[in-house]
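**Q** Listed below, chain by chain, are the residues.
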Amino acid sequence: MAHQQQGTSNISYREVNDDVIKSMTETGRGFYLVLAVCIVGLALTFGLPWAYQIYVGQGVTGLQSPEYWGLYLTNFVFWIGISHSGTLLSAILFITQTPWRRSIYRSAEAMTFFSVVTAATMVFIHMGRPWNFYWPFPYPNQREMWTNFQSPLMFDVFAIGTYSTSSFLFLYFGSIPDLAAVRDRVTGWRKRFYGALALGWRGTDREWHLLQKAYTFCAVFIIPLAVSVHSIVSWDFASSKIPGLNKTIFAPYFVIGAIYSGTAGIITLMVILRRALKFEKYITKVHFDKLGMLLVVMSLLWTYVNVTEVFTGWYANTSYENEALKYRMFTTPSAYLFWLMIACNAFFPLLYIFRKIRLSIVASLLISIGINLGMWIERFLIIETSLPRKFLPFMWRDYHPSWVEWSITAGSFIFFTSLFVLFVKFWPSFSIYEIKEDIGIPMERKGR
Amino acid sequence: MAGFIELMLERFKVYREPGYYKRFDYWWAMVIDLDRCTGCGACVTACQAENNTPVVGEEECGKGRNLSWIRIERYIEGEYPNVKVKFIPVLCPQCDRAPCEVACPVYATYHNQDGLNVQVYNRCVGTFTCATYCPYDVRRFNWFTYNKKNFLKGNGGSSTSFEPPLDQQLNPDVSVREMGVMEKCTFCIQRIRAAKDRAKDENRPIRDGEIQPACVQTCPTKALTFGDLNNPKSRIAQLAGLSTAGDLHYLRESGSKISDISSNPRTYRLLEDLNAAPTIFYLKRVMKNGSSTAGHE
Amino acid sequence: MLNRRDFLKLVGVGGAGAAAGFALGELTKTPPAKLIPYLIPPEDVIPGIANWYASACMQCSAGCGILVRVMEGRAKKIEGNPLHPINKGGLCARGQAGLQLLYNPDRIKNPLKRNGKRGKGEFEEITWEEGLSILTNNLMELRSHGEADRLYLLTSLIRGHLNFLLADFMKAYGSPNYLQYDLFQYENLRFANKIIVGQYTIPHYDIANTNFLLSFGADFVTTWISPVNYNYGYGQMRQGEGRNVRGKLVQIEPRLSLTGANADEWVPVRPGTEGVLALGIAYIILEGGYYRGGDAKLWKDALKKYNPEAVASTTEVSEDRIKQLGKEFATTKPSLAIGGETVSSYENGVSNLVAINLLNHLSGNIGKTGGVIPNPDVIKKSFNPIATIAKDASRRKIKTLILHNANPVFTTPETLKLKDALKDIPFIASLSSLHDETTALADLILPSHTYFEDWGDDFAEPTVGYSVATIMQPAVSPLFNTKGAGDVFISLAKTLGGNLQKDITWEDFGVFLRDSWKKIYERHKGDIKEANFEDFWNDLLARGGWWDAVPKASKPVRVAASEVSAHLSSEPAKFEGNDKEYPFYLILYPHLSYKDGRGANLPWLQELPDPMTSVVWGTWIEMNSKAATGMGIKEGDMLLVESPFGKITAPVYFYPGQRPDTISIPLGQGHTSYGRYADGRGANPIELLPAKTDPKTGAIPLNSTRIKITRVNAPKSFVKMEGVAKELGRNIVQTITPEEFKKMGKEA
Ligand SMILES: Nc1nc2c(c(=O)[nH]1)N[C@H]1C(S)=C(S)[C@@H](COP(=O)(O)OP(=O)(O)OC[C@H]3O[C@@H](n4cnc5c(=O)[nH]c(N)nc54)[C@H](O)[C@@H]3O)O[C@H]1N2
Ligand SMILES: Nc1nc2c(c(=O)[nH]1)N[C@H]1C(S)=C(S)[C@@H](COP(=O)(O)OP(=O)(O)OC[C@H]3O[C@@H](n4cnc5c(=O)[nH]c(N)nc54)[C@H](O)[C@@H]3O)O[C@H]1N2
Ligand code: SF4
Ligand code: SF4
Ligand code: SF4
Ligand code: SF4
Ligand code: SF4
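Chains as they are written, first to last, in the numbering used here: chain U, 1 to 448; chain A, 1001 to 1297; chain E, 2001 to 2748.
Just chain U, same shape as in the assembly:
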């Protein structure tokens, strides 16, 4: 394998262990500061507004007839989208045995899990009666009342439930040897904590063998799952009759968008992590180079599905589709958002064609943030330029999100960040054993 390319071969095993474990055990002031900011920010932007909304009612949002779906669902789709690259990418790269995966996949998988969790909170925030959140689950009850399996929202419940469970397992399985490694190096409560998490891992051949099997199974399982999850999320929209939402292309459209935004999310995260944890030696330019190439491909695919979507709408030439398209691109009060989205997602990422750009950390950061901005706008526009232009023009009405919605939207980012901050402290955020694999000491490889 081309270890040289990874630029990691001159690092010693101990150094890897030290680096990763140090990030977990040695807590500087910076960490507490970040944590404090997260907690306070979370309370102010997320907790209090949500409590206010629960107390006063969904009326504190800008939702109205007919825009019954607003920022919360935008955020929901956005975070589900973000979740798509982590695990999916990790699984694909694992199966294709792509070596540069190893130093990034752990945090990417965590990103998946946390963004699914963030997305799930959005569902509950969106609900009119969140205290009945468990009703959509098919629990046995005396009314013999099962949930409606026809409802795309029901598909969501299962899809997201399965996805979050399996992505957590994927993350967990892959971490077991590292959790054991941590257990062996720490003392006190930590020893007990990681001891429990490591499930008694000893590193025997049999254990490695089983792990490998389970891990491979997860990876194979997760790829179609991830594709289905975002397809299903797209059906929340596509199975309606609403112009602008009723689109057969929505499943691939959403999956592509999700991988696109997820990949960009990983890049953003890598830039931040390597700076914050001083992991420049593990996350190298090689990673940015490869992911940049992926982004160019995704960008072209994204552009293709968008052109297709607009074209089919236009080609159908019904008053419904025409008005919705016109509204989305030109007449909505936020029409500039559409063009900003096109710039962020169709044009700027093409700069990645140049290797120089791919290797530039600053450019990568800007472009990846731009992509996610664009992708957030995409979800916003899908919902907010379709519902205000439904079938009966007498009911047309523009949507103006309220401060509560904006605040909770901002809060969802803090929520995600908080989870991540805790993660890097309590979990080996880089795969110790796989980085070691990378470094190149021959480990006993069982044939798969």
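If you are wondering where the hints come from, they were derived from the structure by calculation, not from laboratory data.
Incorrect hints may appear among the rest.
Claimed, not checked - To give an idea of the interface, some chain U residues facing chain A are shown, with a C-beta separation under 7 Å as derived from the structure:
1. G59
2. Y68
3. W69
4. G128
5. R129
6. P138
7. T147
8. Q150
9. V220
10. F221
11. S240
12. K241
13. F391
14. L392
15. F394
To be verified - If you want the ones that stay clear, here's a sample from chain U, every Cβ over 12 Å from chain E, calculated:
16. K191
17. R206
18. H209
19. L301
20. A335
21. P393
All of these numbers come straight from a predicted model, not from anything done at the bench.
Even for Gly, the Cβ is constructed at its ideal location relative to N, Cα and C.
Once you have looked at the hints, place chains A and E with the ligands on chain U.
**A** Below, chains A and E with the ligands alone, put in the same frame as chain U:
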């Protein structure tokens, strides 16, 4: 276990039928004669009085959050002096293939044995999906606890939607809905249930015209007619030009256009091309150059 | 027609039902019953089972019959009485909203005595004994000073036995000053009918059976005279059962009203020239030889000025259109011409209405099915010009004023200075159930029952060609410490003594009503099928009234050309304010649901979108967007509207159904003392009018003023419910052409 799976499969099959039921006990429907309707709005207030729908105040109205279950849409075409004005009362047409029913994850909205799209308030968790899917924009949401919210605040006054003693008017046959749930026109199901009960006591079917929803009852021009579509002799079947039982069966089974079946060229269904199979039959207004022109403004 | 449901309702009513209403009232009044309600449950009140009481709608003067659904002593719903000949089961939005009057949070719950400065709205609660004795003392003092004629009684329109009682009271007391006031009193119309139909009443316009309805600004589907009856007629005219011909409606008015919106043709005539247009049409009828009377020559001479050419230039309606209208009106049988509030509200209202009525005469529509059907003469009190009150008050002629449900301070122009004049009256007592702008000036408030808590009756005018009396019975026991107005006057009579005691002997108004109906029973025995009065009374309460559905044959009316032409005006209406400075005609029209403003305190009505603009909870100004171009006005902008007499500010709504030279504003908002739902909302455009009333009829000409507008910087805009009012080819309100309709074997 096998029995259970069989049961589930059977149920799933039933649920996949449009409207779940092969044949309704009664098939409640409405005919709205647009040539009679003047847009006077009496039906709107009658519905509000019958169904305990709260008044929400100016500010909330401005956000499109008024709770009326029936509204009069008014379209104006043309410029002075060639102005054409048209009215249409829009309420939930109890779609036979209701998009909202597919949408609801918790079966808070479903089709009942009378062909009605029923809303179970206490089952609803407030996902808004039904309202988003509803092509007719007839679903209304309880954004607040209306008997607590002061809707005159901006005006310097103070009043909740059911400010005592206004609350003494509330119809005891209809629940006052809680914050966070969806609601919509029920075809005045409380009146239907009362009539069914009475008919059952007297061991007879419900007579044509025995049930009048509040809007139908009050309409000064008698533009609205309510009745049972299962009965080809009913007034609504006659008015809609669906006078043989075969017609009606065919209508449900085939999902065809009403104009292919009805013997009345005035009969149409609102947004029929969306295939939600609404059970309100509008009778076209007689008007010179009444058709609308495409293009915005 | 009586279906089971209706039957059930009526069974639930009966005489015993009404008695139960009262019994219930008595029950809840005694303290032990209050503590342990239903310990001895009233026989007729079964929890969960509704009783239906037949009664009368008092939300406007149309006289519709209602059924009130009562459960456990509380009114829950009003429905139209299907047996009632005027509304035939239907109700308008205002009728539906009546319950919010009964349960209005701003109702006056106890007698009140003023304890601050007049008009400041400061009152203290007193007992009925105290309240009645204040009023009694005042009246005694007045009488003892020989100033009995300086007592004025001002009520809204009252037509039933309460009217007789009040008249008797005032007569016995010694005052001729019993006055009724309503902004929309249709006095001009009665006056005009006297001239052509020969009766000083409003006839029955048989819209249901006409084939061609020519309406000059009669907005009969919203508020005009008897909207539910006319709406019913409209529905029948269009698609009535057994009708093979679809009646046609042509609406002539400068502002497209809701009725106009339903018309087949709209003729946007120049404001004030409707009468001229009617005469132009009359000219065509005569020229075409459609009039067969022997006096055709005389008429021709009288109308020769109104040739199409001249009329076209005055009215801005093309010659062809005039000719076509004339021909169609004369040749379609039966046809019917009606003149509404717009026409009546110019300064030359009466002559406009005479001209319009003339069309019915010339086409032979009077006394014909589908035409103008004379009504039995109702015993009615004629209205008094509100200006007299203002004048008398300011001349300090009025010493004591008793108000009952009249709110002239809100519905008369500021320029009449009524409010100031009222301040000169030493003592004002009001019997209002709710606060209003006039009651705000009172010294004493003795709150009366609403129409759900009181006995009463109503003789509708117009009826439908035969007499209709509607009975009003207490459907619920009084909610608050209020008394019926009739009871108040009866108890005043008792304490005042003298003639009053001799003439007014009943123990309460309910007994008086029953006695009065006994007299009716005895007079009309032949027409009444019930064998004795008890049965008749019970049926009366169950049915909701008494009508003997046989139209009396009407006497033919002689209409002399010479006499009539004296009432015709050859000139268009004159307007206050010159057209240079005040470029727009102003049209004020009653709002669909507040009418003259009385409905503005009912939240259901405030939240009912106006059908033409979809605006809720406010006032707006209707203007054609063409007129706004060049003025930098956008929809929703606040405009300052100025006439030579006053100004108001309100947001503008761009309304294509509006002549560019005309601006319309609905009445009804702009209250200052009418409860929480009405106060501080919108503007009262009546403030723009001059101190002018019709010399013949006392009517206030709403539409004879010109205005100017300027844009003002103010944030407030209106709330409208419509998004986009264009169908965009979506075929939402589908139509078929009259030709296609004809192919269905019908005529359009
Ligand atoms: N024979 C017999 N005895 C029983 C039972 C039985 O089944 N049979 N059931 C037992 C049971 S479970 C119970 S709970 C008790 C119930 O016994 P109670 O509490 O006595 O119930 P009810 O007799 O139904 O109603 C009491 C009174 O309340 C009046 N009422 C109705 N609505 C209102 C209202 O809004 N306000 C006021 N103030 N009064 C109102 C009713 O008219 C009635 O007069 O009876 C017990 N006793
Ligand atoms: N119209 C009306 N409805 C009412 C009321 C009212 O006053 N009027 N009252 C309300 C009130 S307060 C109450 S408590 C409820 C009562 O309502 P329910 O609980 O329905 O009362 P019942 O009809 O008395 O009893 C129910 C059944 O239990 C059966 N049963 C009797 N003993 C036993 C036993 O030992 N085991 C089992 N398994 N079954 C048994 C009886 O045969 C009967 O079929 O009704 C409420 N509903
Ligand atoms: S009450 Fe009748 S006429 Fe009036 S708007 Fe409703 S349907 Fe139309
Ligand atoms: S809002 Fe209520 S009824 Fe509608 S889909 Fe959600 S849970 Fe079902
Ligand atoms: S109109 Fe809307 S709410 Fe009514 S059944 Fe159809 S989809 Fe459901
Ligand atoms: S049928 Fe009943 S619930 Fe539906 S709009 Fe009419 S009055 Fe309201
Ligand atoms: S027209 Fe309306 S307000 Fe007037 S009496 Fe009839 S129902 Fe009442």
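**Q** Would you mind marking each hint as holding or not holding in the structure?
**A** Here's how the hints hold up against the structure:
no.	hint	result
1	G59	holds (3 Å)
2	Y68	holds (4 Å)
3	W69	holds (6 Å)
4	G128	holds (2 Å)
5	R129	holds (4 Å)
6	P138	violated (10 Å)
7	T147	holds (6 Å)
8	Q150	holds (5 Å)
9	V220	violated (28 Å)
10	F221	violated (25 Å)
11	S240	holds (5 Å)
12	K241	holds (5 Å)
13	F391	holds (5 Å)
14	L392	holds (6 Å)
15	F394	holds (4 Å)
16	K191	holds (65 Å)
17	R206	holds (68 Å)
18	H209	holds (65 Å)
19	L301	holds (34 Å)
20	A335	holds (17 Å)
21	P393	violated (4 Å)
Comparing the model with each earlier hint shows violations of hints 6, 9, 10 and 21; every other hint is respected.
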